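Assemble the dimeric complex from its two separately framed chains, guided by the hints.
Same order as they appear, the protein sequences are chains A and B. Quick note on numbering: the first sequence equals residues 1 to 437 in my numbering. Quick note on numbering: the second sequence equals residues 1001 to 1166 in my numbering.
The set of hints was computed from the structure by calculation and includes no laboratory data. Since the model is a prediction, treat every value here as computed from it, not as a measurement. Treat the hints with care, as some may be off.
Stated by the list, open to error - Below, a list of computed lysine-lysine pairs in the BS3-like style, where the Cα atoms sit at most 25 angstroms apart:
1. B:Lys-1101 with A:Lys-409
2. A:Lys-329 with B:Lys-1101
3. A:Lys-38 with A:Lys-329
4. A:Lys-253 with B:Lys-1101
The lines below spell out each chain.
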Amino acid sequence: MTPEQARQAQATVERALKEVEVNPYEMFRAQVDLAGEKLGYPADTLEMVKRPERVIEVSVPVRMDDGRIEVFTGYRVQHSSVRGPYKGGIRYHPSVTMDEVKALAGWMAWKCAVVDIPLGGGKGGIVCDPTRMSEGELERLTRRYAAMILPLVGPQHDIPAPDVNTNSRIMNWFMDTATALRGEPMYGIVTGKDLAVGGARGRREATGRGVMIVVEELLARLGRKIAGSTVAVQGFGNVGSVAAQLLHEKGAKVVGVSDVSGTLYNPNGLDIPALLAYVARSPQRLIAGYTAAGVQALPGSDVLTLDVDVLVPAALEGQITEVNAEQIKAQVIVEGANGPTTPEADLILEEHGRVVAPDILANAGGVIVSYFEWVQNLQNFYWEEAETNERLAAILRRAFQGVWENAKKHDVSLRTSAFMLGLERIVEVIRLRGVFP
Amino acid sequence: MIESTPSLLLGPAIRRDGVLARALGTAAAREGQDSPGFLASLRAGDSATHSAFRYALAQEFCRYVSDLGSTFRAVYVYGSTMDGRTRPSSDVDIIAWVGRKSDTAESLLLRLDRLLTQGYRTLTGCSSLRRLFDIHLVDDEDIELNRGYGAVVRSVWTAPVCLWRR
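Isolated chain B (complex conformation) (with noise of 0.2 angstroms):
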């Protein structure tokens, strides 16, 4: 992109950070495999491999927030990519913690959403993909209130794993 594009329309900073390699690289050295072979194994559609690399880039999401100021508090993961039934169009439930929403917490999240969604659909070839992530926001209020995804955080039926906590 030109220099002088105007904000909103910025994509995140992680694209530069070699996010899907790094994710790639985790989930195929769990698998015990090498990243093309995983890649292969991806692009298959391969429902277990498609899991694998949606934790991988879970755990990559979690690196992200970590680092922006302390905006962030914690990070769950729940649904398909945890129990393995992950399909190559499936997305990855995330619940992040933040100590109050913001629209600015919002618009970058969305932003990050389209753009890891665009560079998956290219890895994977997997152009049914609507969305890579699901991810909604739940402040200190809605924890302490136990309302909308709040509760689903304390849930015993449908428990997310926390992947990371400040």
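So here's chain A without its partners, still in its complex pose (with noise of 0.2 angstroms):
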């Protein structure tokens, strides 16, 4: 061992030390396995189910604005196309590792498998700071990346989005690439765009509506109605404000908010439009400020522990925690967030009889509508939002009976049920259509 290596291998234990390094493939790994053994599948079928099916990794040289070359690292995995082609987003950040998109593309095959569109899994990234790019520098970074991964993507192949970090404009530079360099048009080579490129009506509302649906369908299943349920919201962003206003729209009393500048509380209920508009109105997009009769600002964190019917979570991740489970009071909780729960408060919240919809059911808003969005593509004819909106609601309301009835057969969480739902489905396609050669 060289003095490098050794210097390496004690700086590795020394971090593991401080703090066990979360490999989240690991975890999904082991998710795959709990749902297998409770399904009685083989291991050799768990074992094809869990790899990738390909796995790219490409160097990404870019001009950099002061006039040297950077060279990024950037990756897609492949990881199942048994259901359709492979779906999932593209993020660009300094932590990106290999491990964290296997894990996230075996998640988007679940995911789509759940709520049973036909379309597989996959994930990409690209280790940089986006914060730290001019728009020409992420511009040159995200056609060559689309450049070095064409080969292997395309609208009957896979498909990608948005996802952190990523946006509508960087889809739309993919998508200009793939068609520059096939030269015909490939709009349906990403979803996410602008509406002006391909991009779908009702898209932008599409997670926060597809939580709404959940949140009712939950509710009549404990028989309740949304109508007159109180509800609080984390997260007023793109899926919180949807959410907040539609529940809001169909009689629900939305009592507090958050974002990252407090909580509004008004027990009787906050004016959800007039909200909207004063954050529209603010500089940074903000509730903070916002005053009308009977409402209270309250710290951030504050919003979980309303004494409320309903609870959606839709900001970060691990914000419902083993600290501050056990003061949640809602009945209901709609993660409209991915990962808003930690596994030690999912087993506390359990013991105290509330019922968690979970991430990978409630919020698959966004890659349902991003579904309908490849298919418009394909056609070329583009939907009325109200189509989108009625086709979303339908396909929704039949995953979360799917869940709900899996659930009850197998006596497991909703959680629990629509993994091993989604394993179900993938494995039976396996099975139809048997295994090359």
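Right, here's the structure in full:
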């Protein structure tokens, strides 16, 4: 061992002593093992569904604004195509790792299977810090990455989408690059584009709308209705604000909302349209400073422990923890964000009889409308927003019913039920198709 | 990991707790060594050192589950960890008694095992270890009916050691 290798080994041990690094791909494999054991699937089948079909790593050279060339690392993982073309976002972040992308690609295969849309799972990422890059650098990075993975993506093969730190503008560049290089329109190669370049009407509201539908379905199973129920929403961005607005329109009393600037609480219900109008006018798009009769400003985390029927965590991951889970009063929790509930909190919530609609189902509205965007691109025929909303509701209500019934059948939580259902659907397709050759 | 990770891919919170460092310190103190010396013995595959470290990890497991509401009632350890026959690739046999078995508890414990197995491999360099913990959940009914690992809890032949009880 060289002195440098010894130093690195020592640093690794010291890091492990401070914090054990979570390998998300290992966590994904653990969940497949657990679901597979409950369903009695053989180990070879599970090994097949746990492993990604294809893993791509690319070097992405970019001419930076100061004239030097920086070489970035990009990934694209194609987990499963048994149910349809690979589908999943591309994230730009300094901490992107291959194992994270592998885990998320697998997760996408499950998510598409749970809501039963004919797509597989994929994910991509570039190790970069987009907050320190100019618009021009980001464009060149995106276009070169698109060129590097283009031989392996396409409307019938793998369809990326926005994810962390990527947006419609980046998807437009990706599509434009593919169109230029292939010499034909490639609208269906990515989703999440702007409306004028093949985006879908209703895409921005899709995840929040999906949350509202899941709240409605879950309350109905518990013999309750949205109208008259009290709701708290953590996060007032694209997901939380739309969910709050739609729940308000359905007659729910949204008594609390929060964002990074704090919580607003009114036991008689907040005037959500007025709050939305205020946020739209506010320079930072925050709820801070909003005043109205009966509205109290509280610390941000208080939104989680308000005395409500329904809690919608739609902000960041890891918000409901072993520290605050016992204080949560909501009977129903619908995860608008990814991973808002830690594994420890999940156990405590279950012990207290809370019902959690898991993220894999509750925030699937986005991927469902991505599917619609792709379908419209392929047909070059674009729907009205009402049609998108109607079809979204039909798919999500059916998916909820499936997860609910499966939970009853196996006596498991909705979270485990959804994962088991996804596995069942993927394995069933493998059984029907057989294993080549 | 980047924020925006789905729920089932999140690792247990214990990862941030310095759990391995604490177990190493506890075990080293019990063996009358300092942590670096103890770690060197671990990496050399010394059997008694591995037993002591596993015992300390089992204690950490108890500390962790005791803070998770009132789900867990007791934790027992049996097998090689207790009788000094531990090899670097041995697991820690644990029986965790809960009020009612649930998939949520199973999922949490499986993730905990994968996490600590990974940390353990990094620490000791023992890549042949398949899993660090072999955890069996038993519930009130198992204990009452003397069923499955519920029977092991009361066994006079393989009597497990109760490390923690609520």
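Hint by hint, here is what the structure shows:
1. Under the criterion of a C-alpha separation no larger than 25 angstroms, the hint pairing Lys-1101 of chain B with Lys-409 of chain A is consistent with the structure, at around 16 angstroms.
2. Taken as a hint, the Lys-329 of chain A and Lys-1101 of chain B pair is honoured in the structure, with Cα atoms around 24 angstroms apart against an allowance of 25 angstroms.
3. The hinted pair formed by Lys-38 of chain A and Lys-329 of chain A fails the criterion: a straight-line CA distance of about 31 angstroms is larger than 25 angstroms.
4. Restraint check: the Cα-Cα separation between Lys-253 of chain A and Lys-1101 of chain B comes to about 36 angstroms, which exceeds 25 angstroms; the hinted pair is violated.
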